[in-house]
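Residues per chain, in single letters:
Protein chains: 2
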Amino acid sequence: MSIQNESSYNNDSQPSENLSTDVNLSTDVEKKAKKTELPQPKNENSESGLKIAIAQENFMVGDVLGNARKMVELATTARDKGANLIIFPELALLGYPPEDLLLRPSLANRVKLAFEILYSVKDIVMLVGYPHIDQHGTFNSVAIVHNGQKKGFYHKQHLPNYGVFDERRYFNKGQNQVLFDYQGLTIGLLICEDLWQESPAKTLKQKGADIIVCINASPFEQHKQEERKALLAKRASENNLPIVYVNSVGGQDDLVFDGGSMVVDATGKIAHEAPRFLSQMLYASIRLDDKQIKVSEQKKMPIALGATAETYQALVVGLRDYVKHSGFNSVLIGLSGGLDSALSLSIAVDALGADKVYAVALPSQHTNPITVQDAQAQAQRLNVSFTVCPIHSAIDGIYHTLEPIFSHTPADITEINIESRVRGTMLMALSNKFGQLVLSAGNKTELAVGDATLYGDMAGGFDVLKDVYKTQVYELANYRNRLEETPVIPEHLINRPETNTPLHILDDHEKLDKILSLYIDEDFGFDAIIEAGFDKDIVKRVLTMVDRNEYKRRQAPIGTKISQKAFAKDRRYPLVNHWSLETPKI
Amino acid sequence: MSIQNESSYNNDSQPSENLSTDVNLSTDVEKKAKKTELPQPKNENSESGLKIAIAQENFMVGDVLGNARKMVELATTARDKGANLIIFPELALLGYPPEDLLLRPSLANRVKLAFEILYSVKDIVMLVGYPHIDQHGTFNSVAIVHNGQKKGFYHKQHLPNYGVFDERRYFNKGQNQVLFDYQGLTIGLLICEDLWQESPAKTLKQKGADIIVCINASPFEQHKQEERKALLAKRASENNLPIVYVNSVGGQDDLVFDGGSMVVDATGKIAHEAPRFLSQMLYASIRLDDKQIKVSEQKKMPIALGATAETYQALVVGLRDYVKHSGFNSVLIGLSGGLDSALSLSIAVDALGADKVYAVALPSQHTNPITVQDAQAQAQRLNVSFTVCPIHSAIDGIYHTLEPIFSHTPADITEINIESRVRGTMLMALSNKFGQLVLSAGNKTELAVGDATLYGDMAGGFDVLKDVYKTQVYELANYRNRLEETPVIPEHLINRPETNTPLHILDDHEKLDKILSLYIDEDFGFDAIIEAGFDKDIVKRVLTMVDRNEYKRRQAPIGTKISQKAFAKDRRYPLVNHWSLETPKI
Chain A
80 MSIQNESSYN NDSQPSENLS TDVNLSTDVE KKAKKTELPQ PKNENSESGL
130 KIAIAQENFM VGDVLGNARK MVELATTARD KGANLIIFPE LALLGYPPED
180 LLLRPSLANR VKLAFEILYS VKDIVMLVGY PHIDQHGTFN SVAIVHNGQK
230 KGFYHKQHLP NYGVFDERRY FNKGQNQVLF DYQGLTIGLL ICEDLWQESP
280 AKTLKQKGAD IIVCINASPF EQHKQEERKA LLAKRASENN LPIVYVNSVG
330 GQDDLVFDGG SMVVDATGKI AHEAPRFLSQ MLYASIRLDD KQIKVSEQKK
380 MPIALGATAE TYQALVVGLR DYVKHSGFNS VLIGLSGGLD SALSLSIAVD
430 ALGADKVYAV ALPSQHTNPI TVQDAQAQAQ RLNVSFTVCP IHSAIDGIYH
480 TLEPIFSHTP ADITEINIES RVRGTMLMAL SNKFGQLVLS AGNKTELAVG
530 DATLYGDMAG GFDVLKDVYK TQVYELANYR NRLEETPVIP EHLINRPETN
580 TPLHILDDHE KLDKILSLYI DEDFGFDAII EAGFDKDIVK RVLTMVDRNE
630 YKRRQAPIGT KISQKAFAKD RRYPLVNHWS LETPKI
Chain B
80 MSIQNESSYN NDSQPSENLS TDVNLSTDVE KKAKKTELPQ PKNENSESGL
130 KIAIAQENFM VGDVLGNARK MVELATTARD KGANLIIFPE LALLGYPPED
180 LLLRPSLANR VKLAFEILYS VKDIVMLVGY PHIDQHGTFN SVAIVHNGQK
230 KGFYHKQHLP NYGVFDERRY FNKGQNQVLF DYQGLTIGLL ICEDLWQESP
280 AKTLKQKGAD IIVCINASPF EQHKQEERKA LLAKRASENN LPIVYVNSVG
330 GQDDLVFDGG SMVVDATGKI AHEAPRFLSQ MLYASIRLDD KQIKVSEQKK
380 MPIALGATAE TYQALVVGLR DYVKHSGFNS VLIGLSGGLD SALSLSIAVD
430 ALGADKVYAV ALPSQHTNPI TVQDAQAQAQ RLNVSFTVCP IHSAIDGIYH
480 TLEPIFSHTP ADITEINIES RVRGTMLMAL SNKFGQLVLS AGNKTELAVG
530 DATLYGDMAG GFDVLKDVYK TQVYELANYR NRLEETPVIP EHLINRPETN
580 TPLHILDDHE KLDKILSLYI DEDFGFDAII EAGFDKDIVK RVLTMVDRNE
630 YKRRQAPIGT KISQKAFAKD RRYPLVNHWS LETPKI
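Protein chains in written order, with our numbering: chain A, 80 to 665; chain B, 80 to 665.
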């Protein structure tokens, strides 16, 4: 667990002695909860106010009790630093996204046990994201926990069921706003998607909220943090109240949660911001002062990451957490001498450390020896264990086996695929024997058009560049090389770009990737792409290839989502369908 | 297109001359539609009544205009046979399930064009399942089409978002009941899931419905037809009205729609029933006679299929339509000499015909020659092209290649996987060279516990037995052998069952499959399975294996769903999670 002390309270040298220990809950229907509380008049001159600890942390999917124990530890530390409120991300108790673990029959009991653990924490209010299960169904909720009691809870009202999200598969919709009074302030609660809608924040303001706390599990996409900032600025300023926004952090299968938790003041200005991609406790204080709500200001803001830097970070974190959480100690990469595997190697080393990364070159009789030298040079530069394993005899053996059947047939794609599948078989054999996770290095451009061999270069447990277009591969490699004096990726691989795109569709990578991105990420239709200025025949060819190769992608390994629409949960097409690209004529 | 003439009208010899061509629509909010119609008083003494054609047909996903043309053809034929109402299945215009095709920007325009095609049909009312797109969003709807006009429409109110269904990803909920008067009867409309809820049918009855028409796209599961019959009997008798139920038919990716369309009378008795798994027009008539609603009765009901027979049929149809619709001309199966590939071969021959099926045996130095003889005998019995391709030199080549790295390591699972992956490479090479779709033959038991090699025996475009437990493999093989005098599957493969379950967990296939079925299909927890009478250590071992092998299943080919919960869309688990089998102690 990584907790950094970046306390920025106005008076954070001493834990406050006069913490209000009363929480006054106001909700439309949860009257039972309301009744259990003594009303606490709003103290307009509260000196103390809220001392908030924002727990931007990585909570492990499925480990309900472990997550509760982690919360206890974080809450205790925060309290000891003077916090009177700690906020955990959306569904932190179960991890996000838990998928069908939400259907396990023992979940309700585990959540109950987890709350028993949470109840051991004293003298700090905890806002805990958790799955709430009762006779009305399952809800995506936040609990107000204080001194051994659940004082109230709020159920998420807007359940995303698009993109990678399937929340209506699991959750019932919440129907009510929930606010509570604490430390002289009325706090309104929201969960993730609720904030993207206009009305929930507005209703909370109308019901008397002084501030809004919104808990989130918002996965990384390029440029998403700017969107979040714009959203927070809009919601805060249109309702004239500060918003506390906590996001989780870390990789979970193909998603990466990128943190970037924030506090914005009532004008929409960012007052506090946690770094991206790092576990971090962010401290802030909010209090009523002369009828004004004052938000403390962070002394030093984290440096904003550029588009390429944040993408590189996401790829590192996604790979790191997949390897770590799936229990592998090391990874294995087949180095082709090309740019994709070279970039994947550098990402793997940044994610896991050189001692956890093994590289192998698998040259055949058709391999240019220079590519092996390139691979070796890069492995040496990165201090990675490197083996050369020529596959000539394996390929010969297969040809020999097939000879009686293949005689008199001309060579075609079959032979290219055989070579690729022999490499896949070799990598899997090494993985089976020595226990490393095989990484594949196919990029999004190749996967899109099907320029990849099933069970060949697509073999592996994790595809590092699965959601990275070829043009972005160049950008990322350039970015990484600029971070150190000696380039970690052979420069000539970047500077002498391949002259042909996959399958020789075009001689221009950027043009191909733009067509793909319009079609895949932005859901443009055939006509709209042509209107955007591309040649009809080329567009037809590219889109047809995308459509025809859905069956390959269905068997592809997972990889980190970085785009608006990554292949897999984001984009669900039937393998078999007779949709025509062009709108047919009657 | 296969249309059988099973007309069972009371007076079906002549097309009726006095068809009422007026439709009077009643709906809560669609007042605009209501206003466009002249009210038509309910004719309590109507002689003609409804002459219904129930179009149990296979509509191709994505082929909007093609489906419309098919509807025109079916409607014209039905009208010429005397029908005044034709009913198509749920979303028939786009096919089901269309998945993200519903997000394509040109869909709305294609649907509009499709209606132009439908408007050419005269003198019969068509109830058309289609995606309705307007300023309020996208709806899963049924249109009332008559003489070149859309007279009204109903939007599905209950959108399934569980199991294989993701309808809330695409559709808005309908809010209103829709009824219309036609031929002296008031017809209430429902779509699929609406009928599984109690209130929609009840509300239609209260609003004056004489009968309910429910259009469906209900995928096959074992025993589902009995469930549907029980449901229809309940809804009909509790509301005292007949129900017309149309289901689609045919395979779409991993789903099979099994038809079995029905008409039940007001007591819940089945008056008409279409055969399962076949395209078929089912005719029925319903009329008011002396203030009683009379439903015609089918002279000869289809023979009910037993549990094993319907499952075998589902596997045949699922494979047939996947191959046909994906454009392959033939399939290739590696025959191991075992029961799984033998059963897969017989299913393939039943689905496609012997001339479209190619078998190959791929013996290694470790293969018992008897298994090759068995494979050859079966191929001969089924008139299937058969090749033996010994893989000794391919395996030797790979060992030779790996020797410098593997020397001094003991043999383990690696070598078994290499052999399996060489077979996968061979099958894919033959597929690449000769254009056949590779079928894999892994069963559900193996996939569940991970006793399958990625890129080896799991290689292929379609896994025939993916959702079939090993115990069911025996049942299906027995069933198929009893259909002909000479067994199509070597009898000794069935009569001398393998003495060990996968990975030697148990010596009892039935016990293993029962544990798996409780865990996977019925969502039992660890404790509940033990309470059901199984040994704790064995349950722990089995369930751990299921959990650990999610990553293999994620890269598996698709295969026909036959169970309550098939691997894939039905069961969505994170690859990485730290859920513990046993509920942990605090």
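None of these hints come from the bench; they were simulated from the model.
Note that beta-carbon positions come from the ideal geometry of N, C-alpha and C, so glycine has one too.
It is possible that part of the hints are untrue.
Stated by the list, open to error - To give a feel for the contact side, a few chain B residues facing chain A, derived at Cβ under 8 Å:
| # | residue |
| --- | --- |
| 1 | L182 |
| 2 | V190 |
| 3 | K191 |
| 4 | K370 |
| 5 | I372 |
| 6 | F407 |
| 7 | F485 |
| 8 | K615 |
Unchecked claim - Where chain B lies over chain A, by a calculated footprint (3+ residues, C-beta under 8 Å):
| # | region |
| --- | --- |
| 9 | 299 to 307 |
| 10 | 422 to 432 |
| 11 | 446 to 457 |
| 12 | 594 to 604 |
Hints versus structure:
no. : hint       : result
1   : L182       : holds, 6 Å
2   : V190       : violated, 11 Å
3   : K191       : violated, 10 Å
4   : K370       : violated, 44 Å
5   : I372       : violated, 38 Å
6   : F407       : violated, 10 Å
7   : F485       : holds, 6 Å
8   : K615       : violated, 15 Å
9   : 299 to 307 : violated (count 0)
10  : 422 to 432 : violated (count 0)
11  : 446 to 457 : violated (count 0)
12  : 594 to 604 : holds (count 3)
In terms of the numbered hints stated before, the structure departs from hints 2, 3, 4, 5, 6, 8, 9, 10 and 11, listed from lowest to highest.
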